[in-house]
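A.B. asks: Residue strings, one per chain:
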Amino acid sequence: DTGVSQNPRHKITKRGQNVTFRCDPISEHNRLYWYRQTLGQGPEFLTYFQNEAQLEKSRLLSDRFSAERPKGSFSTLEIQRTEQGDSAMYLCASSLGSGGNTDTQYFGPGTRLTVL
Amino acid sequence: AQKITQTQPGMFVQEKEAVTLDCTYDTSDQSYGLFWYKQPSSGEMIFLIYQGSYDEQNATEGRYSLNFQKARKSANLVISASQLGDSAMYFCAMREFDMGRRALTFGSGTRLQVQP
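Chains as they are written, first to last, in the working numbering: chain V, 1 to 116; chain R, 1 to 116.
Everything labelled a hint here was simulated from the structure, so no lab data went into it. A hint or two may mislead.
Straight line, CA to CA, 30 Å or less: simulated DSSO-like cross-link-like pairs of lysine-lysine [to be verified]:
#, chain 1, residue 1, chain 2, residue 2
1, R, Lys3, R, Lys73
2, R, Lys16, V, Lys57
3, R, Lys73, R, Lys16
4, R, Lys70, R, Lys16
5, R, Lys70, R, Lys3
6, V, Lys71, R, Lys70
Can you make the complete structure from the sequences, with help from the hints?
C.D. replies: What follows is the structure, encoded as structure tokens:
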């Protein structure tokens, strides 16, 4: 039983470059979430997918950020024209979505982005 | 106003002793869920325990229990018989159900250090 996986684990980029992260959820989980965590803070919600539909987006998700989940399995998060303020850990989570309120979110190891 | 407040930035506990990590929350939803996650230095968020707002019994999961006081809007995590491997950041999180939202809102965390 594999958990949520994220690639790459670390990314260093120069300001102004585009970066893309990938998340593979737990198989059969139909909900997928992206969060951002800066140093010393708890994660902050960015966006969520039910299958391939993006159903909720935070105001934190500026127009430089785009997320996709084209076939309802893996997801990508792209940041265009990166800024130093984008430096953070980007966490992906998935949940079964089978109904009921618990619907626990299980997290991946994260991608740490450093923008120079 | 902060939705989740964790007032203890850091806590120390002796191995084999019990420790309580505080969490208070703020919501106007009638239906909500409270979660605790552990984040070791490796970065992955590990789900520990869940409490629903309508659950009459306090949740327990092995050495973890949740002291839920709905009128006081608190959901403190109790770890019994602390182990060295419990040293990590601990985050309290809430999901508000009334509008069908899926996002988790996290507190700023408590760093627990277990001493031998």
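A.B. asks: Flag every earlier hint the structure violates by its number, smallest first.
C.D. replies: 2 and 6
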